[in-house]
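> In the working numbering, the protein residues as written are 23 to 802.
You can take every hint at face value.
Cross-link-like lysine-lysine pairs, in silico, DSS-like; alpha carbons within 25 Å at most:
| no. | residue 1 | residue 2 |
| --- | --- | --- |
| 1 | K492 | K258 |
| 2 | K608 | K551 |
| 3 | K274 | K492 |
| 4 | K164 | K100 |
If you're looking for bench data, these hints aren't it; they were derived computationally from the structure. Since we're looking at a predicted model, the values are computed, not measured.
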Amino acid sequence: MLQENWTDEMIRSWIEQVYLGKERFHEGKAWELLELLEQSQFEEKKRKHFKSVLLSKLAEARLNRIGKIDHLIERWTKEAIREDNENILAHELKVDQFIEFLKQIPIPNKFPQIRETDHGSAKKKTAREYEKIAECFFQFSKEHERFLAQIQPSIAYAHHSAKETKIKETTRLMQQLQGPFQTILTSARDYANSLTGVYYSASQFGEITKATREIEQLLCNWNEELTEFTKTKQEKNALDELQYMIGLEDVKDRIKKLYQFLHYQKERMKQGFHTKDGINLHMILQGNPGTGKTHLARLIAKIYYELGLLERDEVYEVDRSQLVGAFVGQTEENTMKAIERAKGGVLFIDEAYSLRREGASGNDYGQVAIDTLVSAMTNEQHEGHFAVFLAGYPAEMRKFLRANPGLRSRFPDFNHIEIHNYTLDELLEIGELVAIENDFLLTSMAKKEFKKRLELTQVDDSFGNARTAKNIILDAIFEKGANVVLDQNKLEDFVLLQAEDFKELTTSRKEEHAIEDLHKLIGLEQVKKEIQQLTSFVQIQQLRRDKGLQALPLQVHSVFTGNPGTGKTTVAKLFAKSLKEIGLLKRGHLIVASRADLVAGYVGQTAEKTKEKIKDALGGVLFIDEAYSLFSRGESDFGKEVINTLVQEMTEHEENLVVILAGYANEMNQLLNSNPGLVSRFKKHIAFPDYTKKELLGIIEKRAAQHGYYFADGAKEHLTKVFPEKGHPANGRFAADIFDQLAQIQSLRLVTIEHELNDKQLAEIEKVDIDQLSLTDIEG
Numbered sequence: 023m024l025q026e027n028w029t030d031e032m033i034r035s036w037i038e039q040v041y042l043g044k045e046r047f048h049e050g051k052a053w054e055l056l057e058l059l060e061q062s063q064f065e066e067k068k069r070k071h072f073k074s075v076l077l078s079k080l081a082e083a084r085l086n087r088i089g090k091i092d093h094l095i096e097r098w099t100k101e102a103i104r105e106d107n108e109n110i111l112a113h114e115l116k117v118d119q120f121i122e123f124l125k126q127i128p129i130p131n132k133f134p135q136i137r138e139t140d141h142g143s144a145k146k147k148t149a150r151e152y153e154k155i156a157e158c159f160f161q162f163s164k165e166h167e168r169f170l171a172q173i174q175p176s177i178a179y180a181h182h183s184a185k186e187t188k189i190k191e192t193t194r195l196m197q198q199l200q201g202p203f204q205t206i207l208t209s210a211r212d213y214a215n216s217l218t219g220v221y222y223s224a225s226q227f228g229e230i231t232k233a234t235r236e237i238e239q240l241l242c243n244w245n246e247e248l249t250e251f252t253k254t255k256q257e258k259n260a261l262d263e264l265q266y267m268i269g270l271e272d273v274k275d276r277i278k279k280l281y282q283f284l285h286y287q288k289e290r291m292k293q294g295f296h297t298k299d300g301i302n303l304h305m306i307l308q309g310n311p312g313t314g315k316t317h318l319a320r321l322i323a324k325i326y327y328e329l330g331l332l333e334r335d336e337v338y339e340v341d342r343s344q345l346v347g348a349f350v351g352q353t354e355e356n357t358m359k360a361i362e363r364a365k366g367g368v369l370f371i372d373e374a375y376s377l378r379r380e381g382a383s384g385n386d387y388g389q390v391a392i393d394t395l396v397s398a399m400t401n402e403q404h405e406g407h408f409a410v411f412l413a414g415y416p417a418e419m420r421k422f423l424r425a426n427p428g429l430r431s432r433f434p435d436f437n438h439i440e441i442h443n444y445t446l447d448e449l450l451e452i453g454e455l456v457a458i459e460n461d462f463l464l465t466s467m468a469k470k471e472f473k474k475r476l477e478l479t480q481v482d483d484s485f486g487n488a489r490t491a492k493n494i495i496l497d498a499i500f501e502k503g504a505n506v507v508l509d510q511n512k513l514e515d516f517v518l519l520q521a522e523d524f525k526e527l528t529t530s531r532k533e534e535h536a537i538e539d540l541h542k543l544i545g546l547e548q549v550k551k552e553i554q555q556l557t558s559f560v561q562i563q564q565l566r567r568d569k570g571l572q573a574l575p576l577q578v579h580s581v582f583t584g585n586p587g588t589g590k591t592t593v594a595k596l597f598a599k600s601l602k603e604i605g606l607l608k609r610g611h612l613i614v615a616s617r618a619d620l621v622a623g624y625v626g627q628t629a630e631k632t633k634e635k636i637k638d639a640l641g642g643v644l645f646i647d648e649a650y651s652l653f654s655r656g657e658s659d660f661g662k663e664v665i666n667t668l669v670q671e672m673t674e675h676e677e678n679l680v681v682i683l684a685g686y687a688n689e690m691n692q693l694l695n696s697n698p699g700l701v702s703r704f705k706k707h708i709a710f711p712d713y714t715k716k717e718l719l720g721i722i723e724k725r726a727a728q729h730g731y732y733f734a735d736g737a738k739e740h741l742t743k744v745f746p747e748k749g750h751p752a753n754g755r756f757a758a759d760i761f762d763q764l765a766q767i768q769s770l771r772l773v774t775i776e777h778e779l780n781d782k783q784l785a786e787i788e789k790v791d792i793d794q795l796s797l798t799d800i801e802g
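Please build the complete structure, drawing on both the sequences and the hints.
This is the structure in structure tokens:
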């Protein structure tokens, strides 16, 4: 887990606690501290000692995790001893490396057999195999001699009498093996050369046979000496596995209670006490994506099996597509097949609520699957022979169960488990664990970038929790592998994930900031000032919060008032982008909605429709155009339901959602006054004035330039003369329509020219084009 602002005292305390075995060792944290040691104020001897401890613990953790010695463990052990030659753990690891090496002795448990009835070529082939085994042994013997000399100092430091005794005994056995292997090497060659057809040297055959028997006995003694150092993987029970999972503390407590209850019920039955209703094994698992519902289902199935409540610990996973058929009878058949397949174990139905679709037509057979399932859970043939686990998102699961009383009654409340989202710290730990499992460690800067990536993805209920953390780590590993320079062959490139591996790809073009784009808009000077003031306020309050100072509440929900075409939507888009740039919003997108997007035809549906639109806008800005249309004095109008839902959702999502209401000033005031909750949440009002004649002409000229057009000499002045003095009520839309009409008029003129057109002609709007303008058509 990422630890911010380590002090030297914290570093010293953690390393010493780890060294004494009083603190659980964490590979990711150890690597972070290795980096921090370089900037610490410890005296050189102390720093070297701490570095040696961390390196030796990293090597030990890796050995325990992968179960064998590799070049990285060798390197860390060697560095640990170099930093502090009195590090006992490092010396013990060096001895362990030697013992692991001894286990790799290249002698087969049984030598290939030479049959007297074999043809000469077959005997010769086997003799060559004997010769090769002998050569491998002598090569191993030389390596043994070299390695043994290297670890002598470590044996003296480690003071591990059992290991020291075993090393002495295997050294003696190694010496005893020299003679018979020399016999094998010499006799096998001579034997192979003596073969003619089926004839061979009997004396050499006898020597080989005798030598192999002697070697096999010595190998048996060798393996016995090393048996106690051969680690066997301990199989964890289900509860132990659950405890090792990161987070999920509420779930762990609940499962422990469930385990105790089931054990108690089983014991009562053993003692002859009657349980009328039996033991209900069916479960409801509710949680958002990536919270571990499937993994938890497998652990509970294992608990049931360990308690003898199920014959198998297997989980058969299905969803709607595997149960619901396309014609009468197929759904029941599919469901019964799934039940038969799961018999003795668990039938796990993911997104179970998809079996019942609201408003589905008569040929949707999801209900048939539910009815068949309920029937099987209660009839004598299947009851007690399998468990049903229903899984899905919390809100949808609750609604599904309310709509199916028959199904709901089969799942007692104590078998309902809701798995909450992981905290950010837990996700960081999960990600580090994924990296470690893939033989990578994160640098301290990489952890900070990983944290940023996680925060950006935590927007709505679709956030994938542990799955997202895992995907970000795997993406970083991909970036590492795709960009590393292999011929430099630096070990760090194969072990460490750096900050740059986590940074998302950006375009090579330098994008301008939203505020810069805002100031390039024509007119709207007061609007620009107010938007910049608002974003500056947000930026400073966030900075105060980061520095631990008191911060004022962020009130960024706004009301934009003004006539159509005054730039409200354009400014809202830039406002959303600027809030993302300063870190308030995670996506910075704009969702535009009107009454038709929010209001439905009957009670209840409007709230759902509004929530869906809000869900689309999370992490960005929801812009409700002509919002006053939601206000109505009629009791049967569902606009009020939108307003109430909006107020509720704004409270729930806080800074993850910004809402802008837009429309005419008077009508907007009526809307806000209709609900006290709205007034308190929309304190920022920004008025968008109509564009002047000069500003509208500027918009036309800017639009022309953006599309590669320009006005010929005198054309712009001519446009000024024919343009309305008071501007136009359609504002920016009027200016856009003027340019579009001019482009069409120019095109009609150009197609009549017979010679080839040059670039200037294609780009120039002339005075004659303006003469053809019909302002009345636009005004109409």
